[in-house]
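Protein chains: 2
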Amino acid sequence: MTRTVKSIDYEFIENGSVTSPNGFKAAGVVCGLKRSGAPDLAVLYSHTPATFSAAFTSCVFAAAPVQLGRKQVLEQKTLRAVVINSGNANACTSETGLQYARETCELAARKLGVRPEEVMVSSTGRIGVQLPMDIIAAGVEKAAAALASDAGAAAAAAIMTTDTVPKSAAVSVKLSSGTVCIGAMTKGAGMIDPNLRVPHATMLCYITTDAEVPNSLLRDFLSRGVDNSFNRITIDGDMSTNDTVLIMANGSSGVKVVPGSEDAEIFYEALLALMQQLAYEMVMDGEGATKFVTVYIEHARDETAARTCAEAIANSLLCKTAWFGCDPNWGRIVAALGYAGIDFDPALVNIFYNDKAVVTNGGDAGTPEKELAEILKAREFSVSVDMNAGNASYWMWTCDVSYEYVKINAEYHT
Amino acid sequence: MTRTVKSIDYEFIENGSVTSPNGFKAAGVVCGLKRSGAPDLAVLYSHTPATFSAAFTSCVFAAAPVQLGRKQVLEQKTLRAVVINSGNANACTSETGLQYARETCELAARKLGVRPEEVMVSSTGRIGVQLPMDIIAAGVEKAAAALASDAGAAAAAAIMTTDTVPKSAAVSVKLSSGTVCIGAMTKGAGMIDPNLRVPHATMLCYITTDAEVPNSLLRDFLSRGVDNSFNRITIDGDMSTNDTVLIMANGSSGVKVVPGSEDAEIFYEALLALMQQLAYEMVMDGEGATKFVTVYIEHARDETAARTCAEAIANSLLCKTAWFGCDPNWGRIVAALGYAGIDFDPALVNIFYNDKAVVTNGGDAGTPEKELAEILKAREFSVSVDMNAGNASYWMWTCDVSYEYVKINAEYHT
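Chains as they are written, first to last, in our numbering: chain A, 1 to 414; chain B, 1 to 414.
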């Protein structure tokens, strides 16, 4: 059991993507920012103005598009399009970088026949290099011409950096007045770490829906959804300058989601399932990852304690390398718990790999190492810690650290 | 420039060790805890009662010897001996583990003709397994018989786990009433991370001196010394259940160090130089490390800001893998600074590798990448961040993360 999805009336759509909801088009093209020649520019477009909300990195060195995006969230009621480039982060690029981000909005607005304020931009890739605006201009023109209502997968491919697979999904959900669709695409792979108030990591996520949802409700959905999905994953404990999660609702289905209604909660559950699915795929595709690990902390004093202990284990380089070696090294779990900075009675702690006890009352549970090693050989397993100190709990998803992680990050040149 | 050592009248002694000061003997023997057959038990002995002070891990799961040691620091005025075993951490071993630690003290006390309360024990190695007391008993007997005033190096070898070289050093320092000697041995390698009040990491350090120093002054020296040496190094950001730094002063030189005197400051500077030398060697011998990196934060708002930013860079897995790849990826340094949780103006930040600027006013400094790559090819270099926000500064020592780190920690089986 690695996902916490409630049973409500929604289903995942086969080959679902950001263009699964009505009224959205997308494109993913090769514009020439990546030396590899892989697709590196995506455009997402709504045929009508869409309400929206977004969450951004809390990194002090926020990239130019993030600085611009923060203003748009405060000043704009609707969006029409998003331009996303990979291969260049437009971060640490000073005033010129901001100017180039604005120019990208203007270029796209002209091609798409919308207002520049209605275009959001995102960038991911190399930090500290100015965007080559001639390449961007040609890329935006190419993408605008390629927009199609079945190109969600192409857009997802164009936003990848070290991801090995594109990540798209969509769900349809029955509400009282009709069925709506929610689609999403994301990229992740490295620089992934949870943070209290915002998503982070070189992680980008774009969510589309054809439901009609007011901005304030989107903000609430996004905040809760991020806290229960992207903020619970960690790959390497680093956070990026460019992280962005955006949700756009264009109302094309004619179905309204009203704050406080039962429909709102049903919509949220479907949205959360979608976000968790993509968060899960991001960890599964973590740089060099060979193991997917769910960390559960149960019966903690309070949620802060539960969260802090979960993060200590999920980010421990010693736990992560032990998992890579299929080694049920519970001493490293105990050490991570012990230095988390939370006060508790170690003699009350029980720890499990899946359902096998490894630590009972703070000491060796006596489960034969062979049985434990068998669990760790699988692609997915869980570590559960029962602190016997209260009623709070928390869970996180993490992965191992392999030779491949080091290789990718020693060789992925800026 | 990687070490901050003032010019005072002390010198490092060739092949110096814990037995360089007068009146100390040591032994390092094979007792059979390590499957490899390598030496795994050390005894350190003072021919007269020695004043002492010690600092221990802050890990909640403190190992049995640490629990015992904390009591001894509070209740005892002097120590005569220390027994240190590698291969078994005696951690998470409940009451039985504590009883075995006490029995080890008693066994050693009988063999050495001292009181059990005057014997401290330390353990490092596998967590959660009871000490095989028959093996320990035979080992203590063997070590007691092997005690010699030139066996400091043998003791240093016996406390190693994943260290590749034993670490010993000693300094002699001229005080107003005569010359005294300070010796030390340490082990480190993995589970190394700084922490505000105590040293940590599976790091053990034993310091001996033939000066006569009151307990209270030793406590002060140890606390300041640790804050300026072992608390400033990080290898993998993990902390262990067993960390211990112990200092013993047996007064054999007849030279007194009086609180508040100029001699006290001179003694402290020599002690600090010794502790920094061993901290330096620990990072140099960090698991799989190929680079030694000094991180300087300058002109920070306050020391907390300086320290927090230094730790963010020194612990960033993305920075550490970039260094392994000889990649002057300043984007990762900037990202680490940005997520440290400190508020500052990114447009004022300058960053240097050695004396070459890589970031000026928050953007690319324009130094040719070849010049930077040349710096990163060396075994040692520094990263300096000028925050232009105040007058506080902080420095740390760290290392890279290599394939070998992953190999060691995936294969070092509990």
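One should not assume that every hint holds.
Copies of one chain are not kept apart here, so a pair can be met inside one copy or by any two copies together.
With a straight-line cut-off of 27 Å between C-alpha atoms, the simulated BS3-like cross-links for lysine-lysine are [claimed, not checked]:
no. : residue 1 : residue 2
1   : Lys370    : Lys34
2   : Lys111    : Lys407
3   : Lys370    : Lys407
4   : Lys370    : Lys174
5   : Lys407    : Lys377
6   : Lys256    : Lys142
7   : Lys377    : Lys256
8   : Lys71     : Lys111
9   : Lys174    : Lys377
10  : Lys142    : Lys174
11  : Lys174    : Lys34
12  : Lys407    : Lys174
Hints in this document: simulated from the structure, not taken from any laboratory.
Do the hints match the structure? See the list:
1. Lys370 <-> Lys34: between (46 Å within a copy, 21 Å between copies)
2. Lys111 <-> Lys407: Result: close neither inside a copy nor across copies, 41 Å intra and 52 Å inter.
3. Lys370 <-> Lys407: between (30 Å within a copy, 21 Å between copies)
4. Lys370 <-> Lys174: The answer is neither: 47 Å in one copy and 59 Å across copies each exceed 27 Å.
5. Lys407 <-> Lys377: both (22 Å within a copy, 17 Å between copies)
6. Lys256 <-> Lys142: neither (34 Å within a copy, 82 Å between copies)
7. Lys377 <-> Lys256: Result: close neither inside a copy nor across copies, 47 Å intra and 60 Å inter.
8. Lys71 <-> Lys111: within (23 Å within a copy, 75 Å between copies)
9. Lys174 <-> Lys377: Neither. Shortest intra-copy (40 Å) and inter-copy (60 Å) distances fail the 27 Å Cα cut-off.
10. Lys142 <-> Lys174: neither (37 Å within a copy, 77 Å between copies)
11. Lys174 <-> Lys34: neither (41 Å within a copy, 63 Å between copies)
12. Lys407 <-> Lys174: neither (46 Å within a copy, 50 Å between copies)
Violated hints, in rising order: 2, 4, 6, 7, 9, 10, 11 and 12; the structure is consistent with all others.
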